[in-house]
Amino acid sequence: MPRFQQPHLTTPTLSIKSTRLESPHEHQQNLLLSRIITNVEKLNEAVVVMNKSLQEINIQNMNVELVAQMFKNYQSNVLFHLEATDNLKPPS
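In terms of UniProt numbering, the sequence shown is residues 1 to 92.
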């Protein structure tokens with residue numbers, strides 16, 4: 001008995017790409033956002049450099065402040081000594 005063979009049926013495959021609808025301004029907004037991010041990163045780097053500079057300035061100012069305090073104490077001691085020895089005279 002002849003055997004009946006069913007024809008090989010192929011179902012057509014549909015290629016459906018998941019396309020999402022982009023707003024007309026999305027590309028421009030993404031470019032702007034990218035520029036903003038880049039500029040913020042550069043700003044952050046500049047702030048880090050500025051903070052390091054300010055730390056160095058503060059260290060140097062500590063030395064100036066120390067000398068100013070030493071001079072103030074010296075001036076106070078001289079004034080006390082001149083008053084104690086009755087040698088304080090008005091400026092001429």
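Where hints are given, some of them may not hold.
Stated by the list, open to error - Label-pair distances were calculated between CB atoms; the ranges are:
id	residue 1	residue 2	range
1	V47	Q75	36 to 42 Å
2	V48	F71	32 to 38 Å
3	V40	L79	52 to 58 Å
4	I37	I59	30 to 36 Å
5	A46	L66	28 to 34 Å
6	N63	S23	30 to 36 Å
7	I59	T38	28 to 34 Å
8	S23	E65	43 to 49 Å
9	E56	S34	30 to 36 Å
10	E45	L82	54 to 60 Å
11	V47	D86	54 to 60 Å
12	E22	E45	42 to 48 Å
13	Q29	E65	47 to 53 Å
None of these hints come from the bench; they were simulated from the model. Glycine residues also receive a C-beta, built at the ideal position from the N, C-alpha and C atoms.
Problem set entry | Ascending list of hint numbers which this structure does not respect | 6, 8, 12
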